[in-house]
Amino acid sequence: MSTAPASVPAIDCAGLRYRFGDHVAVDGIDLDVRTGEMFGLLGPNGAGKTTTIRILTTLLPVVEGEARVFGLDVSSSPMQARRLIGYVPQQLSADGQLTGRENVSMFARLFDVPRRERTERVEEVLDAMNLNDAVDRLANTYSGGMIRRLELAQALVNRPRVLILDEPTIGLDPVGRDTVWDRLRALQAEGITVLITTHYMEEAEELCNRVSLMHHGRIRAVGTPADLEARLGPEATLEDVFRHYAGDSLEEEEGEFRDVRSTRRVARRLG
Amino acid sequence: MTFVARGASPAASADAAFAPSPAPPPWRWLGSRIATFCLVEIQKIRHDRTELVTRAIQPALWLLIFGTTFDRLHAIPTGGIDYLDFLTPGILAQSGMFVAVFYGIQVIWERDAGVLAKLLVTPTPRAALVTGKAFAASIRAFSQVIAILVLARILGVDFTTNPLRLAAAALAVVLGSAFFATLSLTIAGIAMTRERLMGIGQAITMPLFFGSNALYPVDLMPAWLRAFSVINPLSYEVNALRRLLLGTSGNLFVDFGVLLFALVLGVTVSAAILPRLVR
Chain D
13 MSTAPASVPA
23 IDCAGLRYRF
33 GDHVAVDGID
43 LDVRTGEMFG
53 LLGPNGAGKT
63 TTIRILTTLL
73 PVVEGEARVF
83 GLDVSSSPMQ
93 ARRLIGYVPQ
103 QLSADGQLTG
113 RENVSMFARL
123 FDVPRRERTE
133 RVEEVLDAMN
143 LNDAVDRLAN
153 TYSGGMIRRL
163 ELAQALVNRP
173 RVLILDEPTI
183 GLDPVGRDTV
193 WDRLRALQAE
203 GITVLITTHY
213 MEEAEELCNR
223 VSLMHHGRIR
233 AVGTPADLEA
243 RLGPEATLED
253 VFRHYAGDSL
263 EEEEGEFRDV
273 RSTRRVARRL
283 G
Chain A
80 MTFVARGASP
90 AASADAAFAP
100 SPAPPPWRWL
110 GSRIATFCLV
120 EIQKIRHDRT
130 ELVTRAIQPA
140 LWLLIFGTTF
150 DRLHAIPTGG
160 IDYLDFLTPG
170 ILAQSGMFVA
180 VFYGIQVIWE
190 RDAGVLAKLL
200 VTPTPRAALV
210 TGKAFAASIR
220 AFSQVIAILV
230 LARILGVDFT
240 TNPLRLAAAA
250 LAVVLGSAFF
260 ATLSLTIAGI
270 AMTRERLMGI
280 GQAITMPLFF
290 GSNALYPVDL
300 MPAWLRAFSV
310 INPLSYEVNA
320 LRRLLLGTSG
330 NLFVDFGVLL
340 FALVLGVTVS
350 AAILPRLVR
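Protein sequence lines, in the order shown, are assigned to chains D and A.
Just so we're aligned, residue 13 is where the first sequence starts under the working numbering, counting upward by one.
Just so we're aligned, residue 80 is where the second sequence starts under the working numbering, counting upward by one.
Just so you know, these hints were derived from the structure itself, not from any lab.
The beta-carbon is built from N, C-alpha and C at its ideal position, and this holds for glycine as well.
Be careful, since some hints might not be right.
[To be verified] Facing chain D, a subset of chain A residues (Cβ under 10 Å, in silico):
no., residue
1, L118
2, K123
3, D191
4, A192
5, L195
6, T201
7, P204
8, P354
[What the hints assert, rightly or not] Far from chain D, some chain A residues (derived; all Cβ distances over 10 Å):
no., residue
9, D127
10, V132
11, F145
12, V200
13, I233
14, G235
15, P242
16, L243
17, E274
18, L331
19, F335
20, V343
The following block holds chain D by itself, in its conformation from the complex (with noise of 0.2 Å):
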């Protein structure tokens, strides 16, 4: 597969609008990610981060307007831009009835992995996630943590060009949020693109390049963070940046159910 020219953004969406029912959730933005930036899409339940990464990674189809990752139109040409995605749900989503080296050895044979690299590669994914210990263990024994970074050993094995993840540090503790940071950094320096949705201002602030702020489907505010608290005000925080475009009240409306019981979920199954 050819590779796209430097000039080519990672991502790029422009009016890209969807809908559940009545309910817009993603309403006509425009987005576009840099090659080798590490991006955050921030935003409160519901804001329609979750779905513009769903629309992206081909599980929702593009109804209105265009997404493209490096180039590729990701409606009419879902499997190569899936080639070029690694991808890490919000749920801890390895498998608990395999091993850490089957959980990733299984994504490899799905991303056509050679047969003759595969062992190397699988190997190799784990390696650079400090799972060496744990390879031949069921997924069920492993942290939070480490199902974490098995995911991202997952995401890794196809060589993705960029790297989406969902909420990637919901519901771990200190020490597995700190390793996770260090691995997306890890990974930023070897030249891949990533793409995170959180609601952690901490973690936009020490991770990202730039970011951009959802609310209502639409997305208010892009920049860097040091760029959007000088919007604000010489004191101004990320956090202030959030309340200023997000609004600081509860909206009952706001986040569906399916945001709640997947994060109950998470939170179950890190015990």
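Got chain D sorted already, so can you dock chain A onto it with the hints?
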């Protein structure tokens, strides 16, 4: 940590390092995905064999209690063969169906755990994913079949030992179970929850079982039930198994043709419905 190809400088090989694996020819996709999901199922069975034992109990009871009792009663005309012999292919097909009809529960669990979303983001056509899952279910079903055949032999059932006929019988079980797995995946895509799927699964397994020739010849059925048995793929699976294992009369081309057609139809429908699970 590095993902740069060995022997290449990071700068020169940046593109190559992150280039995805080349796509195989489309004709290889299906075989590759079926093999992958079957391998995963075998790995899971290897890690936890308790289900093999517990699931074998019910069909064993059908043979041991129902089969041996009705064998003595001679109440059901079976065309000159012992009732236990007549029943064994029916129980083989039934046990495969019971395993497969509830396979959708595993897929709903995968949906809840986020695994299904990740599978759908791999370069796997939906139809190949469903076919792979269906054959994976049949691997689980097939392992039950071996246990039942061993028990049947111990009980004195006289079935063929011809390896070709046994292989063809295995194929019939695999095709039948794969079809019922696609039925389960379709129901999973509609029911959306484990509880509903359990309920629907329990509601359809017995009608499918009793509405087939697994327990008695279709000639004994009332007309309406006989009509149902004609469109019930389980009947064709049982027919094929009786023909292959016991040498009864029948048309294997029709039996395998119906099973294959049902499987293709099941894959088509469930592939269209499955993405609903992750929306």
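Hints versus structure:
1. L118: Holds, because the Cβ-Cβ distance from L118 (chain A) to chain D comes to roughly 8 Å (cut-off 10 Å).
2. K123: 5 Å, holds
3. D191: 6 Å, holds
4. A192: Where the cut-off is 10 Å and the nearest Cβ of chain D is about 5 Å from A192 (chain A), the hint holds.
5. L195: Holds, about 9 Å.
6. T201: Hint holds; T201 (chain A) Cβ to chain D Cβ min 4 Å, cut 10 Å.
7. P204: At 7 Å from the nearest chain D Cβ, P204 (chain A) passes the 10 Å test, so the hint holds.
8. P354: 7 Å, holds
9. D127: 7 Å, violated
10. V132: 17 Å, holds
11. F145: 33 Å, holds
12. V200: V200 (chain A) not clear of chain D: closest Cβ-Cβ about 4 Å, inside 10 Å.
13. I233: 31 Å, holds
14. G235: Answer for G235 (chain A): holds, closest chain D Cβ roughly 37 Å.
15. P242: At about 29 Å from chain D, P242 (chain A) clears the 10 Å cut-off, so the statement holds.
16. L243: The claim holds: L243 (chain A) sits with its nearest Cβ about 31 Å from chain D, beyond 10 Å.
17. E274: Its Cβ never comes within 10 Å of chain D, the nearest being 14 Å, so this holds.
18. L331: Given a closest Cβ separation of 34 Å, the condition holds.
19. F335: 29 Å, holds
20. V343: Check passes; 21 Å lies beyond 10 Å.
Figure legend: structure checked against the earlier numbered hints; hints not met, in rising order: 9, 12.
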